[in-house]
Amino acid sequence: MDEPTSGLDAMAAAIVMRTVRSTVDTGRTVVCTIHQPSIDIFESFDELLLLKQGGQEIYVGPLGHNSSNLNTYFEGIQGVTKIKDGYNPATWMLEVTASSKEVELGIDFAEVYKNSQLYRRNKALIKELSTPASGSRDLYFTSQYSRSFWTQCMACLWKQHWSYWRNPVYTAIRFLYTIAVAILLGTMFWNVGSNIEKEQDLFNAMGSMYCAVLIIGIKNNSAVQPMVAVERTVFYRERAAGMYSDFPYAFGQASISYFVRLLQDPPKSHFVHFYVVIELPHVFVQSVIYGFIVYAMIGFEWTLVKVLCCLFFMYFTFLYFTFHGMMLVAMTPNNHISTIVSSAFYSVWNIFSGFIVPRPSIPVWWRWYSWANPVA
Numbered sequence: 001m002d003e004p005t006s007g008l009d010a011m012a013a014a015i016v017m018r019t020v021r022s023t024v025d026t027g028r029t030v031v032c033t034i035h036q037p038s039i040d041i042f043e044s045f046d047e048l049l050l051l052k053q054g055g056q057e058i059y060v061g062p063l064g065h066n067s068s069n070l071n072t073y074f075e076g077i078q079g080v081t082k083i084k085d086g087y088n089p090a091t092w093m094l095e096v097t098a099s100s101k102e103v104e105l106g107i108d109f110a111e112v113y114k115n116s117q118l119y120r121r122n123k124a125l126i127k128e129l130s131t132p133a134s135g136s137r138d139l140y141f142t143s144q145y146s147r148s149f150w151t152q153c154m155a156c157l158w159k160q161h162w163s164y165w166r167n168p169v170y171t172a173i174r175f176l177y178t179i180a181v182a183i184l185l186g187t188m189f190w191n192v193g194s195n196i197e198k199e200q201d202l203f204n205a206m207g208s209m210y211c212a213v214l215i216i217g218i219k220n221n222s223a224v225q226p227m228v229a230v231e232r233t234v235f236y237r238e239r240a241a242g243m244y245s246d247f248p249y250a251f252g253q254a255s256i257s258y259f260v261r262l263l264q265d266p267p268k269s270h271f272v273h274f275y276v277v278i279e280l281p282h283v284f285v286q287s288v289i290y291g292f293i294v295y296a297m298i299g300f301e302w303t304l305v306k307v308l309c310c311l312f313f314m315y316f317t318f319l320y321f322t323f324h325g326m327m328l329v330a331m332t333p334n335n336h337i338s339t340i341v342s343s344a345f346y347s348v349w350n351i352f353s354g355f356i357v358p359r360p361s362i363p364v365w366w367r368w369y370s371w372a373n374p375v376a
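Numbering (UniProt numbering), first residue to last: 1 to 376.
It is possible that some hints are incorrect.
To be verified - Heads up, simulated DSBU-like pairs for lysine-lysine below, C-alpha to C-alpha not over 35 Å straight-line:
#1 Lys101 to Lys82
#2 Lys198 to Lys306
#3 Lys84 to Lys52
#4 Lys123 to Lys101
#5 Lys123 to Lys82
#6 Lys52 to Lys114
#7 Lys123 to Lys52
#8 Lys101 to Lys114
#9 Lys219 to Lys159
#10 Lys84 to Lys101
#11 Lys127 to Lys82
#12 Lys219 to Lys198
#13 Lys123 to Lys84
#14 Lys127 to Lys101
#15 Lys306 to Lys219
#16 Lys101 to Lys159
#17 Lys159 to Lys52
#18 Lys82 to Lys114
#19 Lys127 to Lys114
#20 Lys82 to Lys52
#21 Lys114 to Lys84
Honestly, the hints are just simulated from the structure, not real lab data.
Using the sequences provided together with the hints, build the complete structure.
Spelled out as structure tokens, the structure:
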């Protein structure tokens with residue numbers, strides 16, 4: 001902990017240190033840096049690591065009752081003034097070990113410590129603790145992670161759920177834009193699907209669906225990239241700490257959990273909620289809203305098979321665009337570069353989609369890409 005009492009009054013600092021002390025009493029090791037501690041706060045610690053300028057050790061050991069061990073050590077050095085009654089040992093310690101005091105006394109506290117019995121005791125203790133006991137075996141873990149793969153996936157799912165929940169602007173703008181574009185295209189291609197009398201009318205109907213899929217797909221690709229880029233730094237830190245591996249995070253990035261009881265606190269021991277793929281529900285709702293508005297306003301024939309086919313291709317095309325945006329962010333250094341790369345893909349996909357240039361008219365050496373093109 002880095003200066004947990006800084007900026008706090010005496011009462012708040014005492015409460016913090018009581019909490020730290022309670023944590024230590026449970027058997028945990030707590031390391032703190034303290035800035036100008038009071039006597040009570042300073043003497044609540046068990047051990048002290050004191051460094052001089054340059055990071056050299058000048059005292060490493062127990063404080064003792066009322067800092068008796070610390071006081072005895074420094075008072076035993078020739079020329080060091082003894083501590084006054086009631087004086088803060090932390091303040092006295094810093095005063096007598098200052099650089100100006102070293103020059104005045106002509107000593108180096110780091111060298112004094114290296115030649116002390118305390119230093120030899122610490123080295124002996126380190127050697128003793130580093131030597132395994134007889135009959136002991138090396139620790140072996142089947143995985144570098146403390147939790148199972150499934151638990152990692154569930155934790156990442158829960159994390160991504162709250163990430164989306166705390167960013168309503170992303171979801172709201174996404175759906176508002178979807179509805180606006182649906183109405184725009186519907187009014188532009190009003191009843192085109194029900195008035196097919198010649199070849200040009202058929203081309204217009206095909207063009208309406210092509211535009212409908214392409215516009216929202218590109219928007220999904222672009223909109224998801226900043227969301228993924230923001231969490232990249234957090235992912236690097238948590239992965240380095242061994243919290244989870246790459247795949248559970250990718251699974252959570254592509255998935256979201258919806259708690260059965262959203263208004264209740266999450267359970268501590270296990271997740272009482274069901275999991276659905278994160279972008280699957282978003283894109284599914286988006287496809288249904290968008291598909292029905294566009295389908296109805298353009299005036300296509302209302303049969304179950306045709307409606308389901310339209311929603312099916314819309315859904316998976318939107319999903320592909322969304323996942324493609326996530327992939328580009330993961331493969332590029334930052335969001336700006338991924339935006340440039342994705343723009344290049346839009347142009348290439350548009351050319352090889354089979355709409356601008358029909359597939360039979362594409363040169364044979366490029367025709368393979370038309371089959372690999374998700375927009376085709």
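Status of each hint after checking the structure:
For the hint linking lysine 101 to lysine 82, the alpha-carbon distance of about 14 Å falls within 35 Å, and the restraint holds. For the hint pairing lysine 198 with lysine 306, the CA-to-CA distance comes to about 21 Å; that is within 35 Å, so the pair holds. Distance check on the hinted pair: lysine 84 and lysine 52 sit about 23 Å apart at the alpha-carbon level, within 35 Å; holds. With a CA separation close to 27 Å, the supplied pair lysine 123 and lysine 101 stays within the 35 Å bound.
At roughly 28 Å between alpha-carbon atoms, lysine 123 and lysine 82 fall within 35 Å of each other, so this suggested pair holds. Straight-line distance between C-alpha atoms of lysine 52 and lysine 114 comes to about 13 Å, which keeps the hinted pair within the 35 Å bound. The suggested pairing of lysine 123 with lysine 52 holds, with an alpha-carbon distance near 19 Å, which does not exceed 35 Å. Pair hint lysine 101 plus lysine 114 holds up; C-alpha atoms about 18 Å apart against a cutoff of 35 Å.
Restraint check for lysine 219 and lysine 159: satisfied, since their Cα atoms lie roughly 25 Å apart, inside the 35 Å limit. Using a Cα cut-off of 35 Å, the hinted pair lysine 84 and lysine 101 holds, with the two alpha carbons roughly 18 Å apart. Between lysine 127 and lysine 82 the CA atoms are separated by roughly 34 Å; this keeps the pair inside 35 Å, and the hint holds. For the given pair, lysine 219 sits about 33 Å from lysine 198 by alpha-carbon distance, which is consistent with the 35 Å threshold.
Restraint check: the Cα-Cα separation between lysine 123 and lysine 84 comes to about 32 Å, which is no more than 35 Å; the hinted pair holds. Distance check on the hinted pair: lysine 127 and lysine 101 sit about 33 Å apart at the alpha-carbon level, within 35 Å; holds. The suggested pairing of lysine 306 with lysine 219 holds, with an alpha-carbon distance near 25 Å, which does not exceed 35 Å. Restraint check: the Cα-Cα separation between lysine 101 and lysine 159 comes to about 53 Å, which exceeds 35 Å; the hinted pair is violated.
The suggested pairing of lysine 159 with lysine 52 is violated, with an alpha-carbon distance near 43 Å, which exceeds 35 Å. Restraint check: the Cα-Cα separation between lysine 82 and lysine 114 comes to about 22 Å, which is no more than 35 Å; the hinted pair holds. For the hint linking lysine 127 to lysine 114, the alpha-carbon distance of about 16 Å falls within 35 Å, and the restraint holds. The hinted pair formed by lysine 82 and lysine 52 meets the criterion: a straight-line CA distance of about 20 Å does not exceed 35 Å.
Our distance criterion of 35 Å between C-alpha atoms is met by lysine 114 and lysine 84, whose separation comes to about 27 Å.
When each numbered hint is compared with the structure, violations occur for hints 16 and 17.
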